[in-house]
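Here are the chains, one letter per residue:
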Amino acid sequence: MPNRDAVFFDELRKCRYIRALSTTECTIRFDIRHRDRTVHWRVTVNRGDVVVSPGTGDADGVFSMDELSFQRLADGETVPFAAFLSNEMGVQGRFGLLAVVQQLFHERPGAHHPRQFAEHDGRRRER
Amino acid sequence: MGGAVSGKQVRVLDGNTFVVSADNGDIVSSLTDPTGLFANDTRFLSHWVLTVDGERLHSLAVDAHEHFECRFFLVPGVPVQYVDATVSVIRHRAVSQLLKERLTVLNHDQKPVEVTVRLEIGCDFADMFELRSTETKRGIYDTSFEEGQLYLGYRRERFHRQTVIGSSVPTQFDGRGLSWTVRLGPQEEWHTDLWVEPTVFEAGDRRMEMRRASGKHSPTTADLRGELDEWMQRAPRLDSDWGTLMSTYRRSVADLAALRFVPLTSPGGWVPAAGLPWFVSIFGRDSILTSLQALPFFPELAAHTLVLLGSLQGSRLDDFREEEPGKILREVRYGESAAFQEQPHTPYFGSADATPLYVVLLDEFERWTGDAELVGRLEPQARAALEWIDEYGNLMGNGYVSYRRRNLETGVDNQGWKESADAISYRDGRIPLPLRATCELQGYAYDAKLRGARLARQFWGDPGYADGLEDQARGLRDRFDRDFWIEEGGYYALALDADGGQVDALASNMGHLLWSGIAQPHRVQQVVTHLMGPRMFSGWGIRTLAVGEGRYNPVGYHVGTVWPFDNSFIAWGLRSYGFKDEAARIAQGMLEAAAFFQGRLPEAFAGYDRELTRYPVQYPTACSPQAWSTGAPLLLLRTMLGLEPLEDRLAADPALPGNIGWIGLLEVPGRWGRTDTFGRRPPKEGG
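Heads up: the sequence lines are chains A and B, in that order.
1 is the number of the first residue of the first sequence in the working numbering; add one for each residue after it.
1001 is the number of the first residue of the second sequence in the working numbering; add one for each residue after it.
It is possible that some hints are incorrect.
Cβ-to-Cβ under 10 Å is the rule here; a few derived chain A residues that face chain B [what the hints assert, rightly or not]: (1) Ala6; (2) Cys15; (3) Gly90; (4) Glu107.
FYI, nobody ran anything at the bench for these hints, they're computed from the structure.
Note that beta-carbon positions come from the ideal geometry of N, C-alpha and C, so glycine has one too.
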């Protein structure tokens, strides 16, 4: 079975364009510590176009964490901003790229469109 | 006065590092009391008590000249009828990224003396959000004393904060504090320099470098003075025959400098912290409104705000953070509760007004500065914000921006600027169900669409999109008039409830319909009659809620107090509909109130009639300085002078209140470079 990070970056590679990053140009590297090795992924953002490749190399910002922390990010259980504050994730290089990394991850499990929440769940749970 | 002396508290700050202490310089805190040394939403000192021979010190005077420093003049003991101290103490405190304090002990006697000077020290590393609740800390504390420095630490998993304390005169730590035995000859003095460094550790337990808004990394007090002088020099120069206006202006400009900070995650520039002590962080709404107020004075503030908030714009759905694609954040925090997701501030998006206001600010910024490059660069963010209005802001599917929190544990009830739980009510005091569309949100959405249309047509090369936005704006204005106008009362409803019914309390929110332009011109006279009538206008300014409404309370946070920022925007709106005299009356009331606070308008003051108290009573826990109160005199100046960018020149149409003869505002920055503007009150008829 492929690693969680391999699955995540494969999905990211397929999405290819992120509108929220359409004015961003940067290269970000993820260094993910597995039990026996560290795996490196590079994400290059060129005005919204996203290119993903495995391997080391120069980057404007390097984000490092262990496998478990990455999985929590990939599953939407936490966000890079919180992972950074709790020191689950290290940042080297441009701190401002944290905002870019924040855009790469999935929505939180069970998240609602606010209209859907207002129509159903909200009225039921809090009146 | 630069540092703030509020009641018996003294506040000294530099951006998001600040100290709140008693007037003798001591810090004695509890979990509910916002005193201490704070940085990045964490308290780095919670106990800091000075004694001489075991006696606490009594304050004779506090000299708080600039925001970053103050001096406490102290004597031991409690003076009864007269002070007969042979020894006195001066604490000279300065804050930049660290707290520096020079303790000076003076012997006034003809004989030598020996005294024990002692400083008791403690730190609870409380998160800002623990100050108001009593949840116990989950981490582990440690204390060590090595090579003359005291290290107080706190760890929870990999989260690590530390306070490092040192003294220029060697000392020893006895488990609870530091002490020095001081021997002084007749008329001699002794001093030691103390430093207290709040330290944040990043992953790998590396000390994190903090950035400052300007200048050096570790500035001396002289550097800080130089930075402030440079900032003051850059501000437009104000001249007037009314001294209060001049001193209030100087105070506002200096306080804006004091509140500047560079957030940990900023792509570059500084933004103002929202307010001391509770809101020393990035707040979307506060940054945007302060930027609007300060545009004619410091347009770079708007640029920094737009870039920072744009970089953190929402991109996905998240109920805990109330995030949606295109949404502009409400708040960012850096403390323990944010790190461990006990609070949603990473970032928290629970505000319904920041997103349309983002587009408003971008357009207004271009009108003043002509910075087409930034408008082009932020096109995706602005479009996403405009799409948010219709897709995610329109909760009821009725075309109105409304809100309803999805984070039921730690989210904010009301997501306009009046956030407290009782802020939105019917006339009889009932609170509507949680799904609410407040009136000012519709005004902001209307304004955002029209301004977005101008940007699309002139800068994004998309006239089709512009036409669509204008059509939507027209439709919104018509529907708004039909659904919000209360015919029998002659005013706009505060909100629509979940069933589309009118939430009919008379509130200051409708004042924001003027500067946004959604109010129909034929309705405005009636609106103004309410705003300036005795139920709403206190003599100082317009109350948040009218006297006589079910929930009116002159000391209720959003239900009767007077907010300077609210008044500044209402006055601006009054001018835009031609109500010059009313705008001037508000400006006069606000600025006269400022005189009671040495030019520093607090967040809010009580809604008592001016005739009753003759003194603007500060709201008990009001923040001060607070960014948008600091900005209020700036927008009032713009309003009194009637300043508007008109293509490449600055147009002025002054309308001054009766107590001001003339105002000159020189070197106003904008797309014209810098230009001077003047206003003079016309001589009275027949006089």
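Exercise for the section: Would you check whether Cys15/A satisfies its interface hint, that is, whether its CB is within less than 10 Å of any CB in chain B? Expected result: violated (12 Å)
Problem - Minimum beta-carbon distance criterion (10 Å), Ala6/A to chain B - result: violated (22 Å)
Practice task
Would you check whether Glu107/A satisfies its interface hint, that is, whether its CB is within less than 10 Å of any CB in chain B?
Solution key: Holds, about 4 Å.
Practice task
Identify whether the interface hint at Gly90/A stands, where standing means a beta carbon of chain B within less than 10 Å of its own.
Solution key: holds (3 Å)
Of the numbered hints given earlier, the model fails hints 1 and 2; all others are met.
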